[in-house]
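Undergrad: Protein chains in written order, with the working numbering: chain G, 4 to 300; chain E, 4 to 327.
I should point out that these hints are in silico values taken from the structure, not numbers from a laboratory.
Every residue, glycine too, gets a C-beta built ideally from N, C-alpha and C.
There could be a bad hint or two in this list.
As the list claims (entries may be wrong) - Listed next, the in silico SDA-like pairs over lysine to any residue satisfying Cα-Cα at most 25 Å (straight line):
#  : chain 1 : residue 1 : chain 2 : residue 2
1  : E       : K133      : E       : S113
2  : G       : K209      : E       : L60
3  : E       : K152      : G       : P213
4  : E       : K258      : E       : S46
5  : E       : K83       : G       : I212
6  : G       : K209      : E       : F153
7  : E       : K36       : E       : Q74
8  : G       : K209      : E       : E243
9  : G       : K209      : E       : K133
10 : E       : K83       : G       : K22
11 : G       : K22       : E       : Q156
12 : G       : K21       : E       : Y155
13 : E       : K152      : E       : L202
14 : E       : K131      : G       : V205
15 : E       : K258      : E       : E243
16 : G       : K209      : E       : G222
17 : E       : K128      : G       : P213
18 : E       : K152      : G       : R208
19 : E       : K128      : G       : R208
20 : E       : K283      : E       : A303
21 : G       : K209      : E       : T92
22 : E       : K9        : E       : K204
23 : G       : K209      : E       : D77
24 : E       : K204      : E       : G222
Stated by the list, open to error - Covered stretches of chain E, as calculated for chain G (at least 3 residues, CB under 8 Å):
#  : region
25 : 78 to 91
26 : 166 to 177
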Amino acid sequence: MADETQTMPETVTSAKKKKPVGFYIAGSWIVLILLAAVFGWALPAPQWDQSFYDSLGVSPFHHSHILGTTLDGYDMFAGLVNGARLSVFVSLSAVVVGGAIGSVIGISSAYFRGRIDILVTMAFNVMLSIPNLVLSLSLISVLAFSDENHPATTARRVGVLILSLTIVIIPILGRISRGATLQWSSREFVLASKSMGTSNFVIIRKHIIPNVAPAILAIGFLAIGSVIIVEGSLAVLGIGIPGGASWGSMLANGRGNIAYSPWEVYLPAGCIALTVISCNWFGDYVRTTLDKRESKI
Amino acid sequence: MSSLLKIDDMSVRFATPRGDLKAVNNVSIELLKGESLGVVGESGSGKTVLSRATMGLLPSTATRTGTITYQGQDITALPKDEVRELWGTGMAMIFQDPMTALNPVRRVGSQLTESLTVRLGMNKKDAKEKAIELLKRVRIPDPEAMLRKFPYQLSGGMRQRIMIAIAVSCEPELLFADEPTTALDVTVQAQVLDLITELRKESNMAMILVTHDLGVVAGHTDKIAVMYAGDVVEYAPTRELFSNMKMPYTEALLKSIPRLETPTGSRLPVIEGRLPDPTKNEPGCPFANRCPYVTDKCRAEKPPLTDGGNNHFYRCWFPLGGVK
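Starting from the given sequences, assemble the full structure and let the hints guide the process.
TA: Right under this line is the structure:
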């Protein structure tokens, strides 16, 4: 009995192991972008949409324009901060809304199975078979059509952009959550809880979601990265958010001037790249940490 | 004592690509209040399916026929919601593997109080107190600290105690124990079985103990049903079964338990051959191909369940000790 009463040594300490350097680099960049997005308006920087005719295309480290200006005289730093706001807003809302819808559909269809599950899987596969760039392109050109006489407002463009990205995200996170739910709902503890008379809703809330959430979170981070890329690609194709309001849009506006003011391209591209890499790295980190936890059980 | 559970002519079939798989065939069993029944058989004999089917915990590919009367009520006719009302508070189950039957990401406390709050409507504080009391009942030292632990921090025996505490938390009348000690260390097995028996005696709880080990059921059950290939092949009070064994299969099961007296290096006793294919419908006794006493009659015709007196039933043409 004495031996039996002893519990295994605490293994939690290994979770407190030193985190890799990349964790801090990626983490600080993401925090920086979030801060810029939320508190950017309070920074002592010039207006982002105001052209300074006395300083066109000045290079970075200028005394009044720290990251220089574009050939049209727009302040780069202010533009990047404003772009962070828009990029974070677009990507977060698309991933959060799409992720929530996708997860609800994925989890419930995998938990209850049956015909609905087959239909949901088919729908996800159909949605995934459409290239996301093409989907966004056609949605924007239909729903936010604009020509010289009827220009679409920026708000409308942003709205349609978020909608199209949400539609792209739904099947991605839906499939992940469906797969994870299939795996977890066949575990014995679900049956054990069921045998105690727990309702399906409570089982999903207390047993499925805590186990599925990490996988969704990990893929969610990767999805934020790819959403930022899609936003940039659409801008370069000329149907994103106009007027240099987002990173992609700044890149699109500046790419013709690469020979005269290369920072116009490098800076927004660098921001996109760093953010995407940080998100991907974070997603990987979340996943490997959780894999470790799973293997310990 | 009055009847608690009466299974009448229950069969379970699974739909498989190779045809219907007959997991349980026309089983009839009766259990009184506070009584314990051992269901014994080798892997694949249908004993786990029998217990899960009785509770109604079968996957959707299974079909169940026959009637199950629980406290005078036919539960096969009840809608799903009302059957669920019985789970936990009427019937509860202890699962075979305590490693997988606890949720790895939730603390012991939250899993233990789950059914208390959800099923019995207790508030958090009462549920916590009850959980501590339950942990004391299953002899867990320092129950307050246990509530904050994760399953992976516990040994197998401790986890099985937690599973038992969860199963008895809503004070069920009938406890299904599906190989509760198979995944445990031999030294812990006896403790866990004694614990279950003690808990049963305390609250006059009936039990169906499913196991492949005849030694396990001997001291912990009032009667035994031996299963083979989905059939109950021998059904008798425990003492009667061990003193007056009728089935060659039961004898073979008993012989296959390794003994200390056997000389070192000798082969472990086994039952030669395999279970018949449960998707095929072959004539004759399903044990015929493995039985040391097989005759032509055994291969041609399946024996019926015969009453041998003393509440002893068997399914054999040539029972050990002869026909009375």
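Undergrad: Compare the structure with each hint and give your call.
TA: Going through the hints against the structure:
1. E:K133 to E:S113: 12 Å, holds
2. G:K209 to E:L60: Status holds; Cα separation ~20 Å.
3. E:K152 to G:P213: Holds: K152 (chain E) and P213 (chain G) sit about 16 Å apart, inside 25 Å.
4. E:K258 to E:S46: OK: K258 (chain E) and S46 (chain E) at ~16 Å, within 25 Å.
5. E:K83 to G:I212: 24 Å, holds
6. G:K209 to E:F153: Distance ~15 Å between K209 (chain G) and F153 (chain E) Cα, so the pair holds.
7. E:K36 to E:Q74: 9 Å, holds
8. G:K209 to E:E243: Violated: K209 (chain G) and E243 (chain E) sit about 47 Å apart, past 25 Å.
9. G:K209 to E:K133: 20 Å, holds
10. E:K83 to G:K22: 49 Å, violated
11. G:K22 to E:Q156: Given that 25 Å is the threshold and the Cα spacing comes to 23 Å, the pair holds.
12. G:K21 to E:Y155: 22 Å, holds
13. E:K152 to E:L202: Given that 25 Å is the threshold and the Cα spacing comes to 24 Å, the pair holds.
14. E:K131 to G:V205: Holds, at about 19 Å.
15. E:K258 to E:E243: Holds: K258 (chain E) and E243 (chain E) sit about 18 Å apart, inside 25 Å.
16. G:K209 to E:G222: Given pair K209 (chain G), G222 (chain E) is violated - Cα atoms ~38 Å apart, limit 25 Å.
17. E:K128 to G:P213: 23 Å, holds
18. E:K152 to G:R208: 21 Å, holds
19. E:K128 to G:R208: 21 Å, holds
20. E:K283 to E:A303: 15 Å, holds
21. G:K209 to E:T92: Holds, at about 20 Å.
22. E:K9 to E:K204: 21 Å, holds
23. G:K209 to E:D77: 32 Å, violated
24. E:K204 to E:G222: Holds, at about 14 Å.
25. 78 to 91: holds (count 5)
26. 166 to 177: holds (count 5)
Checked against the numbered hints given earlier, the structure breaks hints 8, 10, 16, 23 and satisfies all the rest.
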